[in-house]
Amino acid sequence: MIWADQMNRANINQGNKTYGLWVSHRQNIISSLEKIIKKPLSSLLTIMVIAVAITIPTTMWQVIKNAQIIGQNWDGKTKISCFLTKNTQYTTASKLSQKLSQQSPIQKIVIKTPQEALDEFKELTNFDEVLDVLDDNPLPFVLIISPNPELNNQQIVQLSLQLEQLPQIQSAIIDLAWLKKLFALIELLWTAMAILMFLLFSAVLLVIGNTIRLEVQNRIDEIQIMNLLGASAGFIKRPFLYTGFWLGSIGGALSWLFTFISLSMLDKPVTHFSSLYASSFSLQYLPIKHGIILVFCCAILGWIGAFISSTRALSAIKNINV
Amino acid sequence: MISFDRVSKTYEQMNALSNVNFLIKSGKMAFLTGHSGAGKSTLLKLIFALEHTNRGVIVVNGINLQQMPTRAIPEYRQKIGFVFQNAKLLTDRSVFENVALPLQIRGFYKNEIKTRVCAALDKVGLLFKKNMNPITLSSGQQQRVGIARAIVNRPDIILADEPTGNLDPDLSHDIMQLFIDFNNIGTTILIASHDITMIKKLQYPVINLKNGAVQRDDLGRSDE
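Taken in sequence, the protein lines are chains A and D. Under my numbering, the residue at position 31 of the first sequence is numbered 97, and the numbers go up by one with no gaps. Under my numbering, the residue at position 216 of the second sequence is numbered 217, and the numbers go up by one with no gaps.
Keep in mind the hints are simulated off the structure, nothing from the lab. Every residue gets a Cβ at the ideal spot worked out from N, C-alpha and C, and that includes glycine. Incorrect hints may appear among the rest.
Here are some of the chain A residues that sit facing chain D, going by a computed Cβ distance under 8 Å [unchecked claim]:
| no. | residue |
| --- | --- |
| 1 | ILE286 |
| 2 | ASP287 |
| 3 | GLU288 |
| 4 | ILE291 |
| 5 | LEU294 |
| 6 | LEU295 |
| 7 | ALA297 |
| 8 | SER298 |
| 9 | PHE301 |
Here are the simulated lysine to aspartate or glutamate pairs, EDC-like style, with alpha carbons at most 16 Å apart [unchecked claim]:
| no. | chain 1 | residue 1 | chain 2 | residue 2 |
| --- | --- | --- | --- | --- |
| 10 | A | LYS101 | D | ASP93 |
| 11 | D | LYS89 | A | ASP198 |
| 12 | A | LYS101 | A | GLU281 |
| 13 | A | LYS105 | D | ASP219 |
| 14 | D | LYS89 | A | ASP287 |
| 15 | D | LYS201 | D | ASP219 |
| 16 | D | LYS80 | D | ASP93 |
| 17 | A | LYS104 | D | ASP93 |
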């Protein structure tokens, strides 16, 4: 600490007052934004690349989120289709239905007659003529059971197994397999999105890094003179760091807007699609809280990109000649 | 105060300075002379902490430069005014903003900067050019802006590397008079120059370098 004492002693007769870092930070926050606004074209390309790169995973994120909500909504509507043994009559089916309805895990039962099932089958397929050839209806009575909504998937499976024990019931099928597939698919998409997010965020880091590197090269005279006038590395880097910060946050804010536009374009088809399934689903947009986090992350990303790049660029020009 | 004690500097086995000793006391002014390649610039670079010595001890204002950590260099440089041969002004900003740079680096408030920059520009007689771009100024005026920038921080020491290198004698005289004025208010000044005729007229002590060694040093004489 000898040098520090010496420095202090040297300071005494100086008598100069300095006002610390905040003045310089405040100046740089404003001036770096002014530079971007005054020369929007040169920054526009960088900002757009950032915005597009961030929009892709963000939109994907929100779409997967929506798919998850769809899956969850469907969860409560899981039904058990109980196929009764062949040759069961309507009275038997009706009696069974009444008996089962009194059980607490069951909320509602709808009886589907073989004729109804056949009509539905005809409607869904184009086998009209083939089916007409058949002498009698091969389809059995079906009880479509809506379980109590409080039951979870496992309890529904349990219920279906109990139902299968009944002699009148041939088999009980839960319409849950596709839901499981949907969840598996969503899981897969999350992983895919995490990878995509990592790659695109790295791309943002590189784009900002490259922009800052060029900026450092453009201002090399200024940096050298600053160095000679006693500017610290922190002081020299500061405008670049704030430029990275602004590029990141403007790009992030734009990507929020782009995500909103992309999702609003999906809104109509999704509403139409869900109406086909008689579902009252409406598309969820990116919540404001998440949007703010997004912009903040992009700003941090910009800052880090600028830090790495300016540190590298400056260390390359450290030995400056008078 | 600038003191060199048996200082040597070699670049790839070439002796730039060998066994240099001298002491410039606080508030004194001296000239550094010698042919080009004699080691004048190297000597100034060592004082300004742009280079490190291979041997010997340099003490500036009580600070031993060998013991000074790298991170302390910027703050150290802020206390020394350096006048460069080619002024080294930034052409993307006005004269005012060029002179304001050292104060911005130290984090001064705007109004304080304005007062000090105007005072410094007034001192070198260029206040009326403060809003001009340095590119529009003559080389003598540019050099004076460079001097204003060097003194705006009110440094204890001013180093100048051929400040009159490419100026005609009248302009050179004006610039030298500025340095003498600063010396009169107590600033330590070391000027590297090869303009022997002008130095002889001015009657200040001279350190004469030849092939990296001090050939003649009449610093002691001026104290008597």
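Hint-by-hint comparison with the structure:
1. ILE286: 11 Å, violated
2. ASP287: 7 Å, holds
3. GLU288: Check passed: Cβ of A:GLU288 comes within 6 Å of chain D, closer than 8 Å.
4. ILE291: Result: holds, 5 Å to nearest chain D Cβ.
5. LEU294: This interface hint holds because 6 Å falls under the 8 Å limit.
6. LEU295: With a minimum Cβ separation of about 5 Å from chain D (threshold 8 Å), the hint on A:LEU295 holds.
7. ALA297: 5 Å, holds
8. SER298: 4 Å, holds
9. PHE301: 6 Å, holds
10. A:LYS101 - D:ASP93: Since the Cα atoms of A:LYS101 and D:ASP93 sit roughly 13 Å apart, the hinted pair holds (cutoff 16 Å).
11. D:LYS89 - A:ASP198: 98 Å, violated
12. A:LYS101 - A:GLU281: Holds, at roughly 12 Å.
13. A:LYS105 - D:ASP219: 57 Å, violated
14. D:LYS89 - A:ASP287: 9 Å, holds
15. D:LYS201 - D:ASP219: Roughly 13 Å separates the two Cα atoms, so the pair holds.
16. D:LYS80 - D:ASP93: 25 Å, violated
17. A:LYS104 - D:ASP93: With a Cα-Cα distance of about 15 Å, the restraint between A:LYS104 and D:ASP93 holds, given a limit of 16 Å.
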